[in-house]
Every structure is written in structure tokens, then in C-alpha cells.
Amino acid sequence: MTWDDFVLAFFSWQIVSEAWPILWDGLQRTILMSIMVVPLGFLGGTILALLSTVHNPWVRWPAAVWTDVFRALPPLVLLIFLYAGVPFTGLEISAWGAVAIGFFLNTGSYYGEILRAGIESVPRGQQEAARSTGLTRWQTMRWIVLPQAFRNVLPDLISNTLEVVKLTSIASVVALPELLFQARQAQSVTYNATPIVAAAVIYFILLWPMVRVLSRLENKALAGRR
Amino acid sequence: MTNWERFVDSFFNARVAAEYFPKIVEGFWLTIVLAACIIVTGLAAGLGLAVIRAFGLRVVNLLIIFVVDLFRALPPLVIIALLYFGLPAAGLSMDGFVCAWIALAAVLMAFSEEIFWAGITAVPKGQWEAARSTGLGFLQTLGYVVLPQALRMTIPPLTNRTIAITKGTALASVVAVPDILGAANAGVSFSFNPTPLTMGAAAYLVLFLPVVIFGRWVETRFAWKR
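Going line by line, the protein sequences match chains D and W.
Numbers given in the working numbering equal positions in the first sequence, counted from 1, plus 124.
Numbers given in the working numbering equal positions in the second sequence, counted from 1, plus 1.
Treat the hints as calculated values from the structure; they're not laboratory data.
Keep in mind that the hints are not guaranteed to be accurate.
To be verified - Stretch-level coverage of chain W by chain D, calculated; a stretch enters the list once three of its residues show a Cβ under 8 angstroms from a Cβ in chain D:
#1 8 to 15
#2 35 to 47
#3 96 to 110
#4 139 to 149
What the hints assert, rightly or not - Examples of chain D residues toward chain W, derived with CB under 10 angstroms:
#5 P145
#6 I146
#7 P181
#8 D192
Note that the coordinates shown come from a computational prediction; the quantities given were computed from them, not determined experimentally.
A virtual CB, placed ideally from N, CA and C, is assigned to each residue, including glycine.
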């Protein structure tokens, strides 16, 4: 294989311009999906983290088991179970529905675990002090504990958000036409690997700034612990 | 059939379960083999890159940072797709197992390099200077003084990251590897019953639930002293 053949097979500008409409379509859906699943997971995580602070063991333990089960199950397994398994009961779930439920369960558990660690990182004395000034339990949570908790685990929250956006690519397996799925379609139509390379480049351009910020934050956190 | 009977017949069908149990067990071992390959090569490569980075060669370090950023930004499934569906265009066809192995090992390499490097830089400069002034060489200082302290610090984040990436082995099913999910998917399409998926999910829980709980224990056991 000559160099020209190689360029033609992987970096053909002509193929990129031909495939661009379909890639753009997929990119929009990837962004839309990210905008949908990140808040959904965050919501689930906040609920789980708050449940883990409840003193009643009948609330706390199921929340802990729930978190561990959905952290142990690979997200793709969960997604396929929802998309290909559940319809056997007669309950049809669309690809979008399966993605929404699957990410809510999986991502929510990850955010929940991070937020729980954040809440635990706020010294107990702060809660006691806040309560003794007359704030209710809920007010203490809302105004004293959560703001500090979020700040303490910010790098982990950003890191998890990056993972979630990357994870949206598994939706291609259940035929949701996001960026990777569309790239594969374009590849099979053009008999050329360029669309997949293009999708990889798009992901990299989109997520690289986030990786840089994260790298900075992590090093800073480490310097503070020295 | 009542709804309940239909549910049991779908997801907990004893006949189907007995038929596909051996396949799931085979997939179970394949998942473990794949995970072991990824962990060993990924961590070794990550540590290797971090050690090379410690030499402080500018051009080499920029290259390492770029490679690390690249594999942190790209979704694993996109890398697998590039290797499995893209590379044959260059005349290089690899088995799905090998593609998943290389892709996930590269991702683990990137993440672990960051963590190892953070650990190395967290060891105070005075330790380097003291060790060098006693007559130890650069590599001796790194091997006997810095790394033992650095590695201890990296255990919690490394454990969690390794677990998260190892769960990505389920992605191998997308490129026709008969791992747990691959075997379960095949079972569903042959039997037209989702019981193999239930078994697959159970198999993942058997495999990863202890690992997730172990990860949580490691986090408290080796926690950073703040």
C-alpha cells in the first residue's frame, strides 16, 4: 500500500465533504443526547446522595445497594437489556427511551457515589453548628453542606461528565443514529474508513478542552494535598 | 398466561437458561481473560510512560501528553471501531478480541499514566535531592525512593479507574467477541427469549459487584490524608 492509498483510505477530504451532512446529523444527536443524559444522571445522583445521608437504615441501605448494582453492571449490558430484553414483556421501548433510562440508572449511580463522598467530606461540626443556629436539616443541606460538597468534588464531577459524554457512543449499538452510528453508516456506503476517522477527530476536538481543564484541576488538587 | 407468568417465562425461563448456561460460562472466562490482558498491559504501559516522562525530555513529554489526552478524549467504542472496521482498509485485519484488548489497554494506559505521573510529582522535591546526594543514580532514586511512595498514593484512583475501564470489556461484544454479553446476545437471537440476557447481567454482577465493593474499601483504606 502506497502512502497515497493510505491517505485516500483514511484521510480523504472528498469523502469527508460527501459524508459531512450525515456526520453533522449524528453530531447534533450526540450533543442533544449529552444535554439530556447529563442532567438526568445528575438528578439521579443527587437523589441517591441525599438518600445516603438519611439516618434510617431502611432508606440508606437500599440506596447503597442500588448504587453498587448499577455501578457493577456495564452500561452497555443495561442498555441492551432495556432495548432488546424488555420488549419481550410486550413493553416497547424506543432507543431514546432505553438510553434515557439506562443512563439515568448507570450515570446516576456514579454521580451519586461522587456526591456522597462530597457530602461526607464536609466536617460534621459544620452541620451541628448550622443546626444550632436554628437552620432546619434541609436548610443546612441546601445552604451549608451541598455548596461545599460540590466544590470539593468538582474535578470528579467534571471527570464523570466527560465519561458520560464519551459513553453516549454506545447508543450506536441500539441503532440510535448518533455520531459513531452515522460514521459507520457513511463508512459502509463509501467503502472508506475516512468517516470513522472523521468521527474520532470530531470527538477529540469536542472533548480535548475538557481533558485539559481536568488535567489542570487534578494536578492542582494533588499539589494542595502535598 | 398472566402477565406474571409471561414475565417469568421471558426472563427466567429454566429451559433456555439450562441450554445457554455453558455458553455464558465460556463468555465469563473470556471476559476475565480479556480484562486480565487489558489490566496487565495497560498498567505496565502507563507506568512505563510515566517513568519516561520523569526524564523531562521536552519533545518526548509533549508527545506523551498528546497521546494521553487523545486516549482520554476518545470514546473506547470509537477506538474499537477504528481498529476493527477502519484498519482493514489498510490491509490490517485483527480479531475482535485483539482490537478490544488494544483499544482498552490504550485507554487504561492513558488514564494510569496521568495517575502515576501525578503520584510521582506529588513526592516532594527534597526527597529527590536527598536521594541523589547520597549517590543514588536517577533511575535508582526513581525506583527505590520516589516510586514506592508515589505508587501508594495512586492506589485508590488507580483501582477505581481500572475497574471502570475493565467494565468496558462488554464493548468487545460489538466486534463479535463471544464474551459474556456476546454470548448472551447470541443466546437471545437463537432462542428468541431474553433469559440469556438475564443470565449475562447476573454474570456481570457476580464478577463486578465484589470488585466495586473492593474498590470502595480500597478508597477508605488508602484514603488521602487531608
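Structure-based check of each hint:
With a threshold of 8 angstroms between beta carbons, the proposed coverage of the stretch 8 to 15 of chain W by chain D holds, since 3 of its residues qualify and at least three are required. With 0 residues having a Cβ less than 8 angstroms from any Cβ of chain D, the stretch 35 to 47 of chain W misses the three-residue criterion, and the hint is violated. Judged by the Cβ-Cβ criterion of 8 angstroms, the stretch 96 to 110 of chain W is not covered by chain D as claimed, because only 0 of its residues qualify and three are needed. Counting residues of the stretch 139 to 149 of chain W whose C-beta lies closer than 8 angstroms to any C-beta of chain D gives 0; at least three are required, and the coverage claim is violated.
With a least beta-carbon distance of about 20 angstroms to chain W, the hint placing D:P145 at the interface is violated under the 10 angstroms criterion. Hint on D:I146 is violated. Least Cβ distance to chain W is approximately 16 angstroms, over the 10 angstroms limit. Below 10 angstroms, beta-carbon pairs count as interface contacts, and D:P181 has none with chain W, the closest being about 18 angstroms; its hint is therefore violated. The interface hint given for D:D192 is met, as the beta carbon of that residue sits about 5 angstroms from the closest beta carbon of chain W, less than 10 angstroms.
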